[in-house]
Structures are given as structure tokens and as C-alpha cells.
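Line by line, the protein sequences give chains G and S. Counting with this note's numbering, you get residues 1 to 223 for the letters of the first sequence. Counting with this note's numbering, you get residues 224 to 504 for the letters of the second sequence.
In short, the hints are calculated from the structure, not lab data. Fair warning: this is a prediction, and the values are worked out from it, not measured in the lab. It is possible that part of the hints are untrue.
[Said to hold, decoys possible] So the derived list for chain G, only partly shown, Cβ under 8 angstroms to chain S, looks like this:
1) 71
2) 72
3) 76
4) 79
5) 83
[Said to hold, decoys possible] Straight-line C-alpha distance at most 27 angstroms; calculated DSS-like pairs for lysine-lysine:
6) 77/G with 338/S
7) 87/G with 274/S
8) 105/G with 51/G
9) 51/G with 202/G
10) 253/S with 87/G
11) 72/G with 105/G
12) 186/G with 160/G
13) 222/G with 186/G
14) 284/S with 77/G
15) 253/S with 426/S
[What the hints assert, rightly or not] The following residues of chain S were derived to be distant from chain G, with all beta-carbon distances above 10 angstroms:
16) 241
17) 316
18) 317
19) 319
20) 329
21) 333
22) 342
23) 347
24) 386
25) 390
26) 423
27) 424
28) 426
29) 429
30) 440
31) 449
Using N, Cα and C, we set each Cβ at its ideal position, and we do this for glycine too.
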Amino acid sequence: MTKQQANWSPYDNNGGSCVAIAGADYCVMAADTRMSSGYNILTREYSKICKLADKAVMASSGFQADVNALQKQLAAKHLTYQHQHNKQMSCPAMAQLLSNTLYYKRFFPYYAFNVLGGLDSEGKGCVFTYDAVGSYERVGYSSQGSGSTLIMPFLDNQLKSPSPLLLPAQDAVTPLSESEAVDLVKTVFASATERDIYTGDKLEIVVLNAGGIHREYMELRKD
Amino acid sequence: MFRNQYDTDVTTWSPTGRLFQVEYSMEAVKQGSAAIGLRSKTHVVLACVNKANSELSSHQKKIFKVDDHIGVAIAGLTADGRVLSRYMRSEAINHSFTYESPLPVGRLVVQLADKAQVCTQRSWKRPYGVGLLVGGLDESGAHLYYNCPSGNYFEYQAFAIGSRSQAAKTYLERRFENFTNSSREDLIKDALIATRETLQGEKLKSSICTVSVVGVGEPFHILDQETVQQLIDTFELVTEEEPPAPEPASEPAAADQGGAEQGAGAEQGAAPDEGVAPMDI
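Next comes chain S alone, as it looks inside the complex:
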């Protein structure tokens, strides 16, 4: 009821001890299209839904490489996300320049959080309207962090942000205990399934999602569309009706062997089913 009185600028507290502008900025994150992150002991996968405004335009880039060992997926105001990615890249370069070693992920997220905090305590600024899923590897292992516009950050085994992320989170909550020991392929598959959950029935295609991986001995890179489509095809037919409860161990073995023919079949089946459905971002 009193929200509107105390929400004019970020430096005004509400009587109940809240900063409404900061909370509003977190709403902006919820409006952005979904981004998902998962980690195992040796790999981190970041995936996001890439919905273009219209059939005529290209989609926005939401996953950025920060360094060989760190990547970030964003949700919310992508312009703010781009600016923060530039900052993160610069920090990573400066650290390696000075210390001849890769920037530990935990250090980067603290710097990012402190930067976000500044915008919550200056009357002439506004909070960043973007949530960042920072995934990376360093000496202490694989890490996934979520950075909020509020300046808070948390470490996660798996997380999803953006619109309809709750569906993905529900899926991840069921499965996260297995993630630590997941293989790289299983982790990517879980990321794709979680991404599919946010699409609410719409068919998952590599043209509307982006997947990136970083792991031990594997520098951060974004998987190309073909590879992603092949991965989608290997599990699309297998997991269409069944709920994602069964053991991950046997699935990849069967899927990989049958992958070739199933992939061919799926592509032929997918051909008539074209056209990007109009959506809300």
C-alpha cells in the first residue's frame, strides 16, 4: 500500500526497511528470458533461451565469454549485462596481467557484487537491471554463482533466472543431487531439459537456445547450433512422455547408440513444423 511513497529514488528507505528501487530492479531480471546454470565437479554449463523480438530480427546475445575459464549468462536488461561483461573481461585481463594466473571466480563475483552495490547507494545512479549467472573453474573447482542487482551473490549447484525460470528450477531441484558427479554430456542434457521446461510446451530447437560449457581441460566456449540440435535430438524422442526421474547413467549409453538414426528421424519430422511462435520475452 505504501510502496509508491518510498520508491522514487534508490536512496530512500521504506518504513519497513526496504529499498523499493532495488526490488524493482530485481523484477527486471524476472522479465528477461530465461538463463540456466548447472555445475558438476568438473564442468559448468550455462544455457539460455534466445527469443528474438520478431521473425525479422536476430536474437540478443545473452552468454558471454569472460575468460578461458569463466563465462556468464544474463537475464534482464541485456544492455546492462553487456556493460558488466565488459567490466568482467577487463578485470580478468588485469588480474592475469598482474598475477600471471587466472582470476578466481569467487574474486570476480565479489568485485561484480561490490560494483552493483554502489548503484544502490548513490542518488544519481540506478541499480543494474540484470541478473548474472557466472560459471567458471579455478583452483578450488567448478563454481556457479548468481549475482543480483541488489549486490548480493550466492553460490549454487544449479539455478535458473528470468521468465518462467520456476519451471526450470523445479526440474533442477529434483535432479541437483546427481549433478556433482554428472558427466559432461549428462550435465548438458540436463541443462537442455531445464531450458525446455521454461518454454512451456514450445518445441526446443537449437535456434532458440544457446548452450555453453566450461570444464577441466576445456576452455569456455559456446556450442554451435549443429551440436546443440544433435544433443536435443538424442533425448527428444527418448524423454518425450517419460518424466525426467530415471537414472542418468543408462540414458546416454542408449541415446548415443541410437542417436544417429533418431537424429535423422527427428530432423525429418521437425521440417514441416517451422516458424517461430510469437512470444513474450
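The following block holds chain G by itself, in its conformation from the complex:
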């Protein structure tokens, strides 16, 4: 008598990769625009990046239906926050909210691998990285998604700060300039696209700084 297996899954993985890098006074978020299912491409022009607040932008890979539901939940909660506090949520506040929202569905999780980026209350770049059930940490840079195993080691090589156990404590935020960080992101995605079949088509880059939010695109290999 073998255990009964499910004949369908509520989840699907739409693939793709996301990256975020925190700078001294900026934050760079990037994600490819390919949406796939299995070996098929559903669309080449799907944005995985969502602005949650003036200073908080989220990039999510995984199951996009869950990602959309999550984004809607956060947007609704943000609206309530604005009504009550008469201001936008800060990035660290949104980070906690995202964590709580994910854990709320601990026993039927959002299949979403998120990376939240923005500017903290001092204007410095901040990046928060998550797992599917809300465990999160503030870091200087992160990647999630199908290409993260290829991207993360490269970012470690370029950006990793000395161990946090060392004294004096070193800032996790990269000393790179904004344009250097954007170039790094472009390089990283060009490489990930080569070897990860789920990453490609186009790269969407969003930069947050004191001047606001700026978006640009770069073509990637389409195979």
C-alpha cells in the first residue's frame, strides 16, 4: 500500500533571477523579464519588480501568481498605514511587514523568493533578503531565483565585505558608485543568462536614490 501522491500541485515556478545591491546613498534592483513554465516561455516581457513605497522596491522570483497576490496584500496594507500615519512606510518598516505577511502563510506559503531594496531613514541604501516563509536579514547585496546560484558567488567575489566578526565593524554597504553598481549588475546578468535557461530576454534595472526612482532596460540573450 504506497502512500497516495498528489495529482496536481498548487505551485508552479515561473523562473527568473533578481538582484539587489545597496550603496552609500542608492540602491540598485534588477530582475530579468522572462516568465517561463517548465521548458516553455510564457512571455519575454514580464516585470518582477514592484514599487511598494516611495523608498521600498521589491523584486520577486518564484510563482508569479503568488508574487502578485503578495504584492496586492502589501499594497493594501501600505495604504492603511498611510491613512493612519500620514506618511509612506520606510524601507525597514516594509521589510518587517513583508516578513510578517510571508509568515502568516507559514503552512501554505507564498512561493515567492523576495529581495527588498530601498533607502533607509538615513538615506543609505538597504537590501533585505527573504526566504519563502519570511526569514529575513539586512544585507549589502543579494540575489534570488533560478540564477542566484550562479550570481551570488560572483557578487561575493566583487562585493563581499570582511567578516562581520572582525573588529572594528565594517559597513556592509558597498563603496561602489551608482554607475559601477549598475554596470556590475549588467555584467552579472549577462553571465547568468549564458548558463541559466530560465534567465534572459531583457533586464530591468531600477535605481533608487535621493533623486527618486529611475528605470532602465538592457537586452539579454533570448535563447
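Given chain G's structure and the hints, the job is docking chain S onto it.
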């Protein structure tokens, strides 16, 4: 004469078919400080008188944003008004979440009215003691509604509620036929003049009133004090003696051109005239 016998709880009818508790709750609205609403084809303006209890305290918030396209001004028990605003905000969010489109104003006021009605038919509840002027825009145009504690609601071109609102209503009744085609600026000016009518001679200052606007392409927002004071200054000198009968068309043109110097003059003149007069709310 028999009022006192049948007014103990809301679920008791009087022999003449009235629910006195509900009527008493409408009295509470009349005791609150005035709130005024006007609408044109493209904009809705809500204004209210903000009187603080004493010179030491701040004034109560009486105008609330419900969503980008809807705002509400209240008169009466402001605590009840706050709770109902929270409900309205939540309903607006839920609607946009489900339907990805803004909640039509007419739908919101029905939900609000039904909520108020429940409190008129439960012996363990009391009616809400607040009147709400709900102004908003949706696909069918600009709307202004008044929601009563009784659970009734009506749509208006312009309306005023709260204490001394009759003075404002008299002014609005004279002018309302022009409102449909009014410009945004004229509508705000009419709202301010109507507000001034309820002050019964006291000088209109931006510190004692709040004005909010919602319109086509303009999300609901409360005007800041400076802007309101400038608007007051542009018409204060012009309309001091003359009754508000003449054409609205020529007034803004003249007022805007002369606004700069008149504004400066008015501020200098207003400086010695300070201090909030003690009042009844």
C-alpha cells in the same frame, strides 16, 4: 409631551411612529461644528470649521481621506466619525483589491447607510452620533452625499451640516445652480464663503477651517494652511461689503491679478487682530 416615555431605547416606537433615540442622535450632528460640501461636474470640495476646545489644545480632525477619489467630512461625535472613516477606508481597499478598480461613491454610501441602520434596530446598540458628507468621483461623475445617523442618505449639489449650518445653506441655496459648471477655484471660494457664513461675524482664518478638494485628475487631498489663507485673502477684501450675488466669472480674474498685493495687505492688517475667540462647539 409624550417624548420622554418612548425614548429610553432605540427599539421602542412612539405612538406616532417615531424612533426618538434616532432623532436624538441627529441632534448630536447639529451640535457639532459645521461641515460644508459642494460639487461641480468635475470637482467636489469639502470644508469644515475647526474649532479647538481652548487656546491650549489642538483642533479635532474632521475631514478624512477615504481613498484617492473619496473624502469625508464629519459633524457630531468625532469619535464615531473616526471609526466610520476607518470602516470606509477598509471597504475602499477591499473593493480595489477584489475588483482592481476604485469603489464607486454610491456603493460606499449605501454600505455606510446599512451599517448605520443596524444600530437603529438593535437594543444593545446606539445610533452613530455623526453626520457624514461623503464627496468623491467615480465613472458616473462627481458626487456629494449626506449620510445620517438614521441610516438615510441623500445626494446633494451642495449641503452643510452642524451648528449654524443654516446660514451656510442659505448662501448655498442662492448659488447652487451655478455650481455644476463652476471652476475649481470658484467652488473652493464658494466653500470658504459658506464656511464664513457659519462663523457669524467672526473673521475667517485658515487656522480655524480646513478645506479639501477632489477632482478629475486630482486625488483627494487637504489644502495646506498657506494656500487656504491665500484664497481667503483674495476674496476677503473684495467681498467684504457686497452680498455674494454677482457673477462668479469676472471675480476670480480680478481677484487673482490683485491677489498678490491684496494678500500682503490683508496679512499686515490681520496681524494685530489675534487670539481665538471663545466659542461653543
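Task: Ascending list of hint numbers which this structure does not respect - done: Numbers 1, 10, 17, 18, 19, in rising order.
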